[in-house]
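All chains should be modelled from the sequences, with the hints used to inform the complete structure.
There are 2 protein chains.
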Amino acid sequence: MKEENKVTPRTLPGFMELLPNEQVMFNQMKEKIRTSYEKFGFLPLDTPVLELSEVLLAKAGGETEKQIYRFTKGDTDLSMRFDLTVPLAKYVSANYGMLQFPFRRYQIGKVYRGERPQKGRFREFYQADIDIIGDGELSLLNDAEIPSIIYTTFKELGFDNFTIRINNRKLLNGFFDYLKLSDISMDIMRCIDKLEKIGADNVKSELLNIGISENAIDQILNFISISGTNNEKIKALEDLNISNTMFEKGLSEIKEVVKNIISFGVPENNFMIDLTIARGLDYYTGTVYETFLNDYKQIGSVCSGGRYDNLAEYYTDKPLPGVGISIGLTRLFYKLNELNSVKVDKESISDVLVVSMSEDISPCLPIATAFRNAGINTEIYMNDKKLKTKFKYADKLKIPYIAILGEDEIKNNTISLKNLSTGEQNTLNIEDAIKVLKNVKK
Amino acid sequence: MKEENKVTPRTLPGFMELLPNEQVMFNQMKEKIRTSYEKFGFLPLDTPVLELSEVLLAKAGGETEKQIYRFTKGDTDLSMRFDLTVPLAKYVSANYGMLQFPFRRYQIGKVYRGERPQKGRFREFYQADIDIIGDGELSLLNDAEIPSIIYTTFKELGFDNFTIRINNRKLLNGFFDYLKLSDISMDIMRCIDKLEKIGADNVKSELLNIGISENAIDQILNFISISGTNNEKIKALEDLNISNTMFEKGLSEIKEVVKNIISFGVPENNFMIDLTIARGLDYYTGTVYETFLNDYKQIGSVCSGGRYDNLAEYYTDKPLPGVGISIGLTRLFYKLNELNSVKVDKESISDVLVVSMSEDISPCLPIATAFRNAGINTEIYMNDKKLKTKFKYADKLKIPYIAILGEDEIKNNTISLKNLSTGEQNTLNIEDAIKVLKNVKK
Numbered sequence: 001m002k003e004e005n006k007v008t009p010r011t012l013p014g015f016m017e018l019l020p021n022e023q024v025m026f027n028q029m030k031e032k033i034r035t036s037y038e039k040f041g042f043l044p045l046d047t048p049v050l051e052l053s054e055v056l057l058a059k060a061g062g063e064t065e066k067q068i069y070r071f072t073k074g075d076t077d078l079s080m081r082f083d084l085t086v087p088l089a090k091y092v093s094a095n096y097g098m099l100q101f102p103f104r105r106y107q108i109g110k111v112y113r114g115e116r117p118q119k120g121r122f123r124e125f126y127q128a129d130i131d132i133i134g135d136g137e138l139s140l141l142n143d144a145e146i147p148s149i150i151y152t153t154f155k156e157l158g159f160d161n162f163t164i165r166i167n168n169r170k171l172l173n174g175f176f177d178y179l180k181l182s183d184i185s186m187d188i189m190r191c192i193d194k195l196e197k198i199g200a201d202n203v204k205s206e207l208l209n210i211g212i213s214e215n216a217i218d219q220i221l222n223f224i225s226i227s228g229t230n231n232e233k234i235k236a237l238e239d240l241n242i243s244n245t246m247f248e249k250g251l252s253e254i255k256e257v258v259k260n261i262i263s264f265g266v267p268e269n270n271f272m273i274d275l276t277i278a279r280g281l282d283y284y285t286g287t288v289y290e291t292f293l294n295d296y297k298q299i300g301s302v303c304s305g306g307r308y309d310n311l312a313e314y315y316t317d318k319p320l321p322g323v324g325i326s327i328g329l330t331r332l333f334y335k336l337n338e339l340n341s342v343k344v345d346k347e348s349i350s351d352v353l354v355v356s357m358s359e360d361i362s363p364c365l366p367i368a369t370a371f372r373n374a375g376i377n378t379e380i381y382m383n384d385k386k387l388k389t390k391f392k393y394a395d396k397l398k399i400p401y402i403a404i405l406g407e408d409e410i411k412n413n414t415i416s417l418k419n420l421s422t423g424e425q426n427t428l429n430i431e432d433a434i435k436v437l438k439n440v441k442k
Numbered sequence: 001m002k003e004e005n006k007v008t009p010r011t012l013p014g015f016m017e018l019l020p021n022e023q024v025m026f027n028q029m030k031e032k033i034r035t036s037y038e039k040f041g042f043l044p045l046d047t048p049v050l051e052l053s054e055v056l057l058a059k060a061g062g063e064t065e066k067q068i069y070r071f072t073k074g075d076t077d078l079s080m081r082f083d084l085t086v087p088l089a090k091y092v093s094a095n096y097g098m099l100q101f102p103f104r105r106y107q108i109g110k111v112y113r114g115e116r117p118q119k120g121r122f123r124e125f126y127q128a129d130i131d132i133i134g135d136g137e138l139s140l141l142n143d144a145e146i147p148s149i150i151y152t153t154f155k156e157l158g159f160d161n162f163t164i165r166i167n168n169r170k171l172l173n174g175f176f177d178y179l180k181l182s183d184i185s186m187d188i189m190r191c192i193d194k195l196e197k198i199g200a201d202n203v204k205s206e207l208l209n210i211g212i213s214e215n216a217i218d219q220i221l222n223f224i225s226i227s228g229t230n231n232e233k234i235k236a237l238e239d240l241n242i243s244n245t246m247f248e249k250g251l252s253e254i255k256e257v258v259k260n261i262i263s264f265g266v267p268e269n270n271f272m273i274d275l276t277i278a279r280g281l282d283y284y285t286g287t288v289y290e291t292f293l294n295d296y297k298q299i300g301s302v303c304s305g306g307r308y309d310n311l312a313e314y315y316t317d318k319p320l321p322g323v324g325i326s327i328g329l330t331r332l333f334y335k336l337n338e339l340n341s342v343k344v345d346k347e348s349i350s351d352v353l354v355v356s357m358s359e360d361i362s363p364c365l366p367i368a369t370a371f372r373n374a375g376i377n378t379e380i381y382m383n384d385k386k387l388k389t390k391f392k393y394a395d396k397l398k399i400p401y402i403a404i405l406g407e408d409e410i411k412n413n414t415i416s417l418k419n420l421s422t423g424e425q426n427t428l429n430i431e432d433a434i435k436v437l438k439n440v441k442k
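Protein chains in written order, with the working numbering: chain A, 1 to 442; chain B, 1 to 442.
Worth flagging that the hints you see were computed from the coordinates, not collected in a lab.
Mixed in with the good hints, there may be bad ones.
Remember, identical chains collapse to one label, so a pair may be satisfied in a single copy or spanning two.
Said to hold, decoys possible - Derived DSS-like pairs: lysine-lysine, alpha-carbon spacing no greater than 25 Å straight-line:
#	residue 1	residue 2
1	Lys255	Lys385
2	Lys6	Lys249
3	Lys438	Lys335
4	Lys66	Lys119
5	Lys396	Lys318
6	Lys30	Lys346
7	Lys30	Lys233
8	Lys194	Lys73
9	Lys259	Lys411
10	Lys438	Lys119
Structure follows, in structure tokens:
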């Protein structure tokens with residue numbers, strides 16, 4: 001082909017494509033999330049990226065719908081999934097008779113939103129979701145297990161200093177109902193959300209602007225400024241003496257949930273009641289969650305979700321209550337990587353690079369096979385290059401060990417194993433080398 | 001929402017969507033392929049599903065192009081990837097300066113082809129690819145390592161009785177050049193391909209029909225009927241005394257490759273020279289591979305690939321020779337599952353279901369946390385149901401153990417651990433229960 005016909009190889013803006021060393025880190029994060037989710041017995045699900053638009057957009061509308069990658073092929077109106085919740089709703093209602101309830105599933109997959117591209121915003125990104133779906137009913141114990149899952153997952157990802165913030169939508173809804181402000185509760189919550197950013201005085205004047213009485217504003221600010229330990233907050237909520245069924249239900253739920261979160265062994269400094277958390281969606285009806293890495297608060301919530309009454313009302317009359325959370329993995333990785341704060345167990349795939357001192361590389365082959373049979377990730381440097389080039393390759397790929405085969409080693413059935421971080425080099429028989437290399441992995 | 005407004009939840013034809021127990025099996029296959037590929041030091045890659053049509057279709061044409069999911073969003077002409085090779089070519093040419101060569105990468109991901117849907121044919125399917133890309137040159141040792149990777153992978157997938165068939169396109173091309181039949185070599189190969197199906201006589205008459213002389217046909221049939229061990233085949237090829245540079249090159253390559261496959265420890269009954277294998281694509285220029293599960297030959301080749309001179313000629317002038325293979329995972333799983341022949345280590349995600357004998361489930365929570373902290377996948381049955389229902393749930397999900405907490409157990413800080421396959425039940429302290437449960441996993 002003539003040069004002038006070359007196409008410039010490039011990737012679409014908003015689509016993350018990593019260099020190998022970054023991809024190794026990303027995959028370790030993904031893998032840790034997966035194993036954490038499986039530790040809690042969640043079943044894997046892998047729904048298609050493409051769905052019928054009629055099915056996928058049964059519920060959508062407004063902003064979401066504009067962002068959809070939607071097109072026609074033949075006579076079929078197709079859309080790429082924009083989250084993993086709608087496909088779950090479809091799946092559960094379509095396979096209802098074949099599933100065991102409570103149905104616990106996780107799905108880690110790419111979703112697509114044609115947003116205006118900007119730094120740190122992605123059009124293709126991974127979500128890592130878990131949901132527990134009940135058939136008509138779902139024990140509140142599930143709401144308490146969720147923080148235990150979040151705790152386990154973020155500990156596994158290498159973090160200690162994070163806070164899972166929980167609230168209950170019934171508390172909020174009951175409180176606003178009690179104040180007879182239910183119809184503008186979302187507007188109020190939007191103001192409250194700015195509390196940390198703009199301060200109490202500005203929130204107050206915004207609330208005045210939307211027509212709320214001074215008395216109600218005082219009660220709202222009093223409510224959201226409830227502070228102290230979880231037990232102190234519960235006590236303060238009780239002391240409000242709000243006579244409203246919804247509020248009372250919410251209070252009893254959050255008490256029960258907090259008690260059981262502790263039974264699950266989540267340390268009290270990793271979770272707290274936060275009465276300002278609402279989670280924008282109307283969807284949520286009970287416990288809601290947000291999670292913040294306290295050393296990287298600028299990232300925002302790294303794991304959010306909540307309890308809902310009806311997963312799939314657009315597909316079925318069956319009441320399918322559930323509780324779930326989602327980690328926006330692509331954005332989380334991007335932000336942590338930017339801050340040099342992705343924690344990894346190992347930086348390379350290979351544990352060892354086998355190199356030959358001479359032109360004849362074939363004596364390396366059975367050595368590599370012996371290593372691999374012992375479960376060691378092993379690479380052979382196969383090009384006939386200078387030893388320096390081979391070492392540089394291992395260094396660039398951050399492979400921790402080099403196994404060197406020279407004349408002496410071949411004669412004595414040994415190898416020289418060099419630790420590239422300490423520089424230490426030992427001549428070992430294959431069995432002993434395997435013992436050393438098996439310790440590379442976590 | 002009113003009932004008449006419900007949308008029927010359904011999945012597009014040609015898009016595989018598995019029930020949880022099947023998904024567990026599928027994921028184990030995927031995971032085994034991944035760990036096998038990593039054992040050989042391949043780096044992970046995860047390119048976008050969507051690419052610019054100009055980039056993705058730089059090389060495509062004809063049938064492929066018709067199958068593409070291609071559409072416009074805003075002003076952008078987009079296509080969903082139809083294989084993992086073109087994205088690799090794009091990636092390597094775009095990131096050339098940032099990669100270490102030889103560049104060894106694997107990618108396991110979904111690709112999209114809008115084929116006419118039929119049983120066992122998928123429009124969305126996983127490919128599991130590895131490729132080794134050289135910068136200008138690539139040692140023939142890599143061609144010998146590929147069968148070692150295939151061998152390791154299919155052993156890991158639980159198979160023993162499979163054959164990796166190898167050939168070299170230079171042998172074929174040289175042979176046809178020697179017969180002065182290069183221009184119709186692809187037609188000849190298509191006839192030869194039918195040998196097993198229609199027999200030698202019918203192949204002969206088809207070859208006559210495309211205008212080949214009786215003498216040439218005899219030589220062709222003689223060539224492809226070469227049989228025996230790998231060494232006997234090589235000897236027979238040498239004895240043909242074909243004086244053609246290309247043929248000689250191919251013969252020397254396949255000799256070298258066979259010798260080194262043995263050095264890699266691949267048993268001789270798992271690989272063989274097969275002179276009838278051509279791999280349709282013009283793309284391949286040297287060693288080619290096909291792999292057959294001998295007990296399930298009807299599936300066709302389960303892992304194919306070969307050596308090519310130029311990965312990315314549509315994007316760059318740099319010669320990037322490579323060798324690679326691909327497993328069509330979705331189809332392989334579908335066919336094996338149909339034959340009840342997917343080999344799995346475990347059928348469930350959870351190792352144990354913790355159940356309470358009484359209404360109060362909260363004593364189960366710290367037990368579950370202790371199990372999980374020990375790395376045991378643990379589920380708690382949280383709904384207040386009859387014990388029978390809880391056992392049935394474990395049985396349906398094929399969870400191997402149930403940990404039962406009754407009054408006595410709570411008092412004595414023990415649990416009763418029931419093995420659901422043997423029926424054996426023992427009362428154990430938590431530490432001993434953990435020891436038993438840790439043995440569940442492979």
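Handout entry: Hints violated by the structure (numbers, ascending)
Key = Numbers 2, 3, 7, 8 and 10, in rising order.
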